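**Q** In case you want the letters, here they are:
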Amino acid sequence: MDVEYIAHLARIRLTDEEKERFAGQLGQILAYVEELGELDVEGVEPTAHAVPVHNVFREDVARPGLDRDTVLGNAPATRSDQFLVPRIIE
Amino acid sequence: MTDHSRLTFEGAADLLASGGATSADLVRALFNRIDAVDKTVCAYTWLDREQAVRDAEAADTLRASGGGGRYTGVPIAVKDVLNVKDQPCTCGSRILEGYTAPYDATVIRRLKDAGVVICGRVNMDEFAMGSSNENSAFGPVRNPWQPDHVPGGSSGGSAAAVAADEAIAALGSDTGGSIRQPASFCGCVGLKPSYGRVSRYGLTAYASSLDQIGPITKTVRDAAALLGLIAGHDSADSTSVQAETAGIGDDLGKGIKGMKLGLPREYFIDGMDPDVEARVRDAVEVCRGLGAEIVDVSLPRTKYAVGTYYIIATAEASANLARFDGVRYGARVEGDDPISMYGATRAAGFGSEVKRRIILGTYVLSSGYYDAYYLRAQKVRTLIREDFDHAFQSCDAILTPVAPTAAYRLGENTDDPLKMYLGDIFTVTANLAGICGLSVPCGFTSAHLPVGLQILGPAFRENTILRVGHTYEQATDWHTRRAMP
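Residue numbers (our numbering), protein chains in the order written: chain Z, 1 to 90; chain G, 91 to 575.
For the record, the hints were derived by calculation from the structure and aren't laboratory data.
Here the structure is a predicted model, which means the values were calculated and not measured.
We treat Cβ as the ideally placed atom computed from N, Cα and C, and that holds for glycine.
Incorrect hints may appear among the rest.
One side only, chain G facing chain Z, incomplete, derived with CB under 8 Å [to be verified]:
#	residue
1	Thr190
2	Gly286
3	Ala326
4	Ser328
5	Gln332
Work out the full structure, taking the sequences as your base and the hints as a guide.
**A** Below is the structure:
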């Protein structure tokens, strides 16, 4: 596994020590899960949920959401009643 | 004066009803107990004593005026992964530093509606990822029976608090054994309800297709009472099921004479602690003596369950934990652009096990590997479900150990994640299959550590496993032993 590349996809910056340690540990775990390859799964339906799940609908009626000030109060940075993030477009 | 911290959930309800104590008395007794032992156990992450006493006094006032219900004023601790309005919810992680929950989880809403008082929040493995409670950003919880041993995880704080009489009962969550295994390690009762039985709204998600909330208690009757309070369909969780919730616990006193209890040969494996195996086999004989018929069953795909679980759970976790990005809540580490801000925030905010699982989950979902890992695991999950469907055709419930060992020493498995994962072999299957499972104390190892008997039942047959558990428990006295004087 290319740990550095996968960590980038997962948006986690790793130290060199972590890259090395995780590469070894994840390699062991992946080697272990290889045993799933022993099973014949030809024609077996995958299970995404143990209980069959169907679309659940409700009437399209507006309901109150969470209080805006309370929600924004949890954010690290806000401006003008919105979440503030670093500049994306120059 | 009797020590109210030793009460069971039902015993506390009885005492309040008789007028023998007030809710405020119970809450103060718990705080005294916490002051006496939590320096050793480290179960709690957060307490608001004034608020808890105010809530207790409000319950007392309601009760005095003839209002409220049976459980009005009974205090309970909640795992730090459940959102309670105006309380922090750390999930055992630094990344949620400063977060205050803006709403109640559905289970909390239901407890509050019943008048139950939240007395504090208890420690856990970060984002419920772990089997020893050593992955908390706030330090490990210790096993009340032997404080140099782990309490199990991820609901280690819930189990340790109940075992040390720092809580009358607690809520935990179970994704791969996180209620049953710590209950077993700490000598408590732990119930993982069937998938869909309890609303997950307000439970910070780890693996959404596996997570369930459930109780950790001192008796099976208490577990039944709490399940009755928290179960039921909820429009805020579209995976919660419209199943009958009236009558949960009604079968407790019916005994197990004539019931068929299955013993799966794949759950008694080489390398398991011989004391654990012996205690579980003793428990099986007790059940036989109580009139149950013991039948051999086979769950042939058991050996693939750990691999299947760690692919599916980490895949789901990698998606669920994407929300912790330093934008809407919690801590942020600044960066020049969003990508570097995300990377730095998540580097600083997550611990090693969470990073490992997110990376593993991202990998098994990534282009070129999805079919080989994730899709294959979902297919093996189907086979594991079919194993249970088949086994339950010849028995009412299944008896197994909860874990291959009793509690181990702190630090013993921390350098070897795979070894830690293999300890989940007997519990992950219930989550993969969506069935219910109960852990009941069944004795001690020669090193005086508790052992748990696992009772597995078909989906939505909680009454069956509670009945087996209660009947066994009442025939033994393991549940009456206390961990700390």
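**Q** Confirm or reject each hint.
**A** Hint by hint, here is what the structure shows:
Interface restraint check for Thr190 of chain G: the shortest CB-CB distance to chain Z comes to about 6 Å, inside 8 Å, so the restraint holds. The criterion of a C-beta within 8 Å of any C-beta in chain Z is met by Gly286 of chain G, whose closest approach is roughly 5 Å, and the hint holds. The interface hint given for Ala326 of chain G is violated, since its Cβ lies 10 Å from the closest Cβ of chain Z, which is over the 8 Å cut-off. The beta carbon of Ser328 of chain G is positioned within 8 Å of a beta carbon in chain Z (closest approach about 4 Å), and the interface hint is therefore held.
With 8 Å as the threshold, the beta carbon of Gln332 of chain G stays out of range of chain Z, its nearest partner Cβ sitting at about 10 Å, so the hint is violated.
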